[in-house]
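Student: Each chain, letter by letter, is given below.
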Amino acid sequence: MKNLKSKIESLLFISNQPLALKKLADLTKTETKEVSEAIKELSVEYDQRQGGVIFQRIGDKVQLASSPDNAKLVKDYIKEETTGELSRASLETLTIIAYRGPITKAELEQIRGVNCSVILRNLLIRGLVESKASSAKMQNTYNITFDFLKFLGLSHQSDLPDYEKLNSHESIQKVLGSTGGQNQE
Amino acid sequence: MKNLKSKIESLLFISNQPLALKKLADLTKTETKEVSEAIKELSVEYDQRQGGVIFQRIGDKVQLASSPDNAKLVKDYIKEETTGELSRASLETLTIIAYRGPITKAELEQIRGVNCSVILRNLLIRGLVESKASSAKMQNTYNITFDFLKFLGLSHQSDLPDYEKLNSHESIQKVLGSTGGQNQE
Amino acid sequence: MHPIKIEEFEGPLDLLLQLIEQQKLEITKISLAQVTEQYIEVLNQSASQHISASELADFLVVAARLLLIKSKALLPFLQWDEEDEGEELTGQLKIYKEYLDASKVVQSLIAKKRFSFSRSKLLVAEEIGFAPPPKLTKDRLHDVFEDVIKNLDPWLNLPTEVVKKSINIQEKIAQIRQRIFREATTKFSDILKEAKDKTEVIVSFLAILELIKQRTVIVRQSKNFDDFEINRLD
Chain A
1 MKNLKSKIES LLFISNQPLA LKKLADLTKT ETKEVSEAIK ELSVEYDQRQ GGVIFQRIGD
61 KVQLASSPDN AKLVKDYIKE ETTGELSRAS LETLTIIAYR GPITKAELEQ IRGVNCSVIL
121 RNLLIRGLVE SKASSAKMQN TYNITFDFLK FLGLSHQSDL PDYEKLNSHE SIQKVLGSTG
181 GQNQE
Chain B
1 MKNLKSKIES LLFISNQPLA LKKLADLTKT ETKEVSEAIK ELSVEYDQRQ GGVIFQRIGD
61 KVQLASSPDN AKLVKDYIKE ETTGELSRAS LETLTIIAYR GPITKAELEQ IRGVNCSVIL
121 RNLLIRGLVE SKASSAKMQN TYNITFDFLK FLGLSHQSDL PDYEKLNSHE SIQKVLGSTG
181 GQNQE
Chain C
1 MHPIKIEEFE GPLDLLLQLI EQQKLEITKI SLAQVTEQYI EVLNQSASQH ISASELADFL
61 VVAARLLLIK SKALLPFLQW DEEDEGEELT GQLKIYKEYL DASKVVQSLI AKKRFSFSRS
121 KLLVAEEIGF APPPKLTKDR LHDVFEDVIK NLDPWLNLPT EVVKKSINIQ EKIAQIRQRI
181 FREATTKFSD ILKEAKDKTE VIVSFLAILE LIKQRTVIVR QSKNFDDFEI NRLD
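Chains as they are written, first to last, in our numbering: chain A, 1 to 185; chain B, 1 to 185; chain C, 1 to 234.
Derived by calculation from the structure, the hints in this document are not laboratory data. The structure presented is a predicted model; accordingly, all values stated were derived computationally and were not measured. Quick reminder that beta carbons are idealized off the backbone N, C-alpha and C, glycines included. It is possible that part of the hints are untrue.
If you anchor each label on the Cβ, the simulated ranges turn out as follows [said to hold, decoys possible]:
| # | chain 1 | residue 1 | chain 2 | residue 2 | range |
| --- | --- | --- | --- | --- | --- |
| 1 | C | LYS24 | B | ALA136 | 53 to 59 Å |
| 2 | C | GLU21 | B | GLY84 | 55 to 61 Å |
| 3 | A | GLN48 | B | GLY84 | 33 to 39 Å |
| 4 | C | LYS24 | A | GLU34 | 54 to 60 Å |
| 5 | B | ASP76 | C | GLU21 | 17 to 23 Å |
Stretches of chain A that chain B covers, calculated by requiring three or more beta carbons in the stretch to come under 8 Å of a beta carbon on chain B [claimed, not checked]:
| # | stretch |
| --- | --- |
| 6 | 30-38 |
| 7 | 48-54 |
| 8 | 59-68 |
| 9 | 93-105 |
Using the sequences and the hints, build the whole thing.
Tutor: Encoded structure:
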């Protein structure tokens with residue numbers, strides 16, 4: 001396991017994009033299950049160390065990033081011009097996706113009460129949201145990207161304030177399941 | 001000290017090259033002596049961890065690198081990334097640049113409907129695409145390289161199959177032109 | 001009545017919430033009925049300036065649901081289904097409010113600028129030079145580009161789809177108007193009998209309200225909470 005963790009860490013260190021569990025399993029010629037275990041352990045280790053590098057995870061993808069504690073220092077060094085400015089509609093949509101993702105467009109529209117095609121496309125183009133074909137839900141699902149997680153300076157979506165409550169909202173299932181689905185296309 | 005170590009670690013993580021002690025001292029606005037102390041401690045910590053990332057010191061410069069234990073794995077991954085076949089997303093991006101170049105990143109993203117930053121950087125690194133400052137569009141434009149054109153066995157971009165028809169296809173014009181103000185937030 | 005001054009809103013639920021909060025009301029069925037007229041007024045004022053074509057249908061749907069809730073409160077004899085529209089909308093609004101509040105927390109999180117960054121380029125020891133994907137051919141590029149073009153269709157057709165949806169609602173309103181015009185006097189309960197679904201019930205209301213406003217019909221009710229007659233004004 002130590003060995004596998006070391007391999008995963010090396011790959012994440014040199015890579016310039018998030019790597020999926022499956023990809024890591026292929027590269028290291030290991031079972032996905034073992035990779036999943038190794039990633040969990042690595043994630044805990046990084047969280048505990050609280051060093052200059054954090055271990056980020058969204059769904060089945062992972063990536064290393066610089067610690068938000070040193071945001072300004074790193075930003076100045078790499079001359080990034082990130083401002084993190086978002087319109088209200090973007091912010092509202094991203095919040096729902098961050099707490100509820102992966103989420104379908106219909107579910108998102110049910111919560112916002114308005115058609116979200118345009119805003120979703122804008123967020124996809126800005127790289128703050130990504131879509132994935134979901135066989136379980138028979139339609140695309142949307143989730144936030146590592147780029148957005150980096151705006152927040154968090155390691156996981158679940159580190160968001162009040163995540164438990166807003167992620168598994170009791171009555172939300174009722175609303176989403178209700179016949180009042182006015183926004184389905 | 002924990003603070004300074006974290007800062008140095010962030011900088012070494014994000015940097016693609018070794019950093020001199022003096023440079024680290026400047027960046028973190030600290031005395032070289034303190035930086036030197038912090039580096040010693042970091043070095044010991046990394047040695048003890050024996051993870052996938054190692055701490056190297058060469059003369060007065062330091063850097064983080066992937067562990068030599070995983071040298072082959074890392075080499076294979078880089079090889080695959082830089083010389084292998086393209087992912088679907090990369091292929092789409094390259095195709096759009098081939099048929100529509102010179103094209104700006106914004107136009108490219110309008111057509112694909114997703115952010116292309118990372119993919120574009122990878123295509124540039126592989127010498128398939130080049131960027132040029134365009135005074136007309138007030139931003140960089142991207143086009144396929146002459147090497148890539150030759151590789152395809154063509155002497156002109158317009159020799160691509162169905163170039164005339166596909167280059168000026170109505171759907172492309174529409175998505176780049178007035179889409180009825182759909183793209184404003 | 002409180003003056004309505006709504007600067008900016010993101011969708012119908014946001015507008016509704018603002019109206020309720022302006023009057024310092026809780027989110028209940030009763031407050032929904034109370035702000036119904038203001039909602040419709042704002043809709044009339046702002047429809048052209050602030051509401052995009054792609055969102056108009058959603059605003060109309062909520063307007064219709066509000067009217068339904070209000071009418072149920074006023075006319076208890078109306079019983080077209082068991083579902084409680086009021087409960088549904090208050091539930092939805094409460095959830096929307098929670099995410100709206102959360103979005104403010106998220107905003108403050110971003111405002112701290114505690115950004116993290118990842119490597120922008122793959123860490124390689126030496127320059128790669130020209131490295132084409134070995135099997136790529138010009139024909140493959142051609143096929144992929146055709147796919148790219150095809151994949152644009154849903155997006156390019158979107159405005160048409162959305163406009164169709166609002167037209168449907170507006171068409172229904174027009175149909176019901178014509179019906180009222182054909183018969184000099186008609187009962188509201190008769191109109192409802194023909195409504196195929198909840199949306200049509202709602203739309204009937206919208207149509208009648210519109211006609212009253214234009215002074216083309218007059219509505220008579222013999223006593224409170226009773227059925228009413230609609231008479232054409234010649």
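Student: Now tell me, hint by hint, if it's right for this structure.
Tutor: Each hint, compared with the structure:
Take C:LYS24 and B:ALA136: their Cβ atoms lie about 56 Å apart, and the range 53 to 59 Å holds. Between C:GLU21 and B:GLY84 the beta carbon distance is about 56 Å. The supplied range of 55 to 61 Å therefore holds. At roughly 36 Å, the beta carbons of A:GLN48 and B:GLY84 sit within the given window of 33 to 39 Å. Between C:LYS24 and A:GLU34 the C-beta distance comes to about 58 Å, which sits within the given range of 54 to 60 Å.
Here the CB-CB span from B:ASP76 to C:GLU21 is close to 59 Å, at odds with the stated 17 to 23 Å. As drawn, the stretch 30-38 of chain A meets chain B at 0 residues by the rule of a beta-carbon pair under 8 Å; below three, the given contact is violated. Judged by the Cβ-Cβ criterion of 8 Å, the stretch 48-54 of chain A is covered by chain B as claimed, because 4 of its residues qualify and three suffice. With 3 residues having a beta carbon nearer than 8 Å to a beta carbon of chain B, the stretch 59-68 of chain A meets the requirement of three or more and the stated coverage holds.
Counting residues of the stretch 93-105 of chain A whose CB lies closer than 8 Å to any CB of chain B gives 0, so the stated coverage by that chain is violated, three being the minimum.
Hint compliance for this structure: hints 5, 6 and 9 are not met, and every other hint is.
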